[in-house]
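So for the sequence shown, the working numbering puts the first residue at 3; every next one is plus one.
Treat the hints as calculated values from the structure; they're not laboratory data.
None of these values were measured; they are calculated from a predicted model.
Heads up, some of the hints might be wrong.
[To be verified] Straight line, CA to CA, 20 Å or less: simulated PhoX-like cross-link-like pairs of lysine-lysine:
#, residue 1, residue 2
1, K225, K31
2, K67, K31
3, K194, K67
4, K154, K173
[Unchecked claim] Label-pair distances were calculated between CB atoms; the ranges are:
#, residue 1, residue 2, range
5, S141, K31, 34 to 42 Å
6, S218, S80, 18 to 26 Å
7, N107, R86, 18 to 26 Å
8, H39, C209, 29 to 37 Å
9, R241, K194, 39 to 47 Å
10, S218, A118, 22 to 30 Å
A virtual CB, placed ideally from N, CA and C, is assigned to each residue, including glycine.
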Amino acid sequence: MRAVMKLCRLWLCCLLPATLAAEPAQQKKLQVLVGMHKPPYIIQHSNSGYELDLIRLSAAAAGLKVRFVYVPNGRLLSEMKSGRFDLALLPETSAQAHHRTDALNCYHDVIVRASAQQARAANWASLFSQRVYAFQGASQILGANFVATVPKMREYQELADQRAQVEALFKDRVDAIVLDQRIFHYYRRQLKQDSGYQLTPILHRSCYVLASSSESLAATLSKQLTLLRQSDTHQQLVRHYFAE
């Protein structure tokens with residue numbers, strides 16, 4: 003992580019005007035609503051993660067500081083509507099009433115099963131009669147076809163703790179789990195599970211954006227996000243957080 007932060011500082015020094023670099027105390031601190039602990043995207047105890055680093059670096063390149071405010075996903079939209087916050091990290095579909103940046107990050111959901119199971123088709127119907135743990139809010143995000151499948155499952159739960167999802171799979175307490183592939187690999191590495199699973203991509207992805215009441219702020223951050231994605235710093239972040 004130190005190497006990542008060193009590279010980030012070098013990138014910012016190249017972008018920031020000298021006056022801003024010399025007077026950090028004058029930078030405005032934006033209040034940014036984000037969800038709870040969701041590594042490798044949001045790592046709450048260290049105030050880091052791929053998404054948080056993208057936000058922090060893009061804001062800093064525009065001469066701004068950020069303060070992250072962690073709230074459960076179900077409260078993000080209502081808290082943003084209160085007018086007390088500058089930005090909120092929201093699903094693209096929930097941010098229609100606000101000015102918003104380009105997509106900050108997109109989640110690619112997968113079905114993961116034990117490798118001993120028979121290979122199945124890449125669709126929700128493959129979950130019929132199975133014990134399934136999905137991520138919290140899956141029934142609101144994954145669409146009508148997924149919701150119609152749930153009553154046909156042998157068992158279905160949505161878990162806020164995604165490490166518990168992955169543990170349940172490797173301890174044979176469930177037949178399948180549904181979650182973002184990078185989140186799966188993050189916890190798989192923590193649990194030292196290098197094999198024993200089969201991963202089935204599904205045709206669904208959900209993108210998150212920064213929503214704001216300010217059109218100019220959203221446009222500024224979108225511009226800086228584009229520049230950041232073209233930099234070596236972004237490649238370093240990808241390697242650090244998503245190495246398999």
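Discussion item. For a C-alpha distance cap of 20 Å, please report whether K194 and K67 respect it.
Written reply: Judged against 20 Å, a Cα distance of about 37 Å means the pair is violated.
Discussion item. The hint says 39 to 47 Å between R241 and K194; measuring C-beta to C-beta, is that right?
Written reply: 20 Å, violated
Discussion item. Taking 18 to 26 Å as the stated bounds, is the beta-carbon spacing between N107 and R86 within them?
Written reply: With Cβ atoms ~24 Å apart, the hint holds.
Worksheet item: Taking only the CA atoms, is the gap from K225 to K31 under or equal to 20 Å?
Response: 19 Å, holds
Item to complete: Return holds or violated for the Cβ distance of S218 and S80 against the range 18 to 26 Å.
Response: Since S218 and S80 have Cβ atoms about 24 Å apart, the given range 18 to 26 Å holds.
Worksheet entry | Outcome of range test on Cβ distance (S141, K31; 34 to 42 Å) | With a Cβ separation near 36 Å, S141 and K31 satisfy 34 to 42 Å, so the hint holds.
Worksheet item: Keeping to a limit of 20 Å between CA atoms, is the pair of K154 and K173 held or broken?
Response: Distance of about 23 Å is beyond 20 Å: violated.
Discussion item. Against the range 22 to 30 Å, how does the distance between the Cβ atoms of S218 and A118 compare: consistent or not?
Written reply: Violated - the Cβ-Cβ distance for S218 and A118, about 55 Å, lies outside 22 to 30 Å.
Fill in: Hinted pair K67 and K31, Cα distance within 20 Å
With Cα atoms ~4 Å apart, K67 and K31 stay inside 20 Å; holds.
Worksheet entry | H39 paired with C209, Cβ distance criterion 29 to 37 Å | 20 Å, violated
Figure legend: structure checked against the earlier numbered hints; hints not met, in rising order: 3, 4, 8, 9 and 10.
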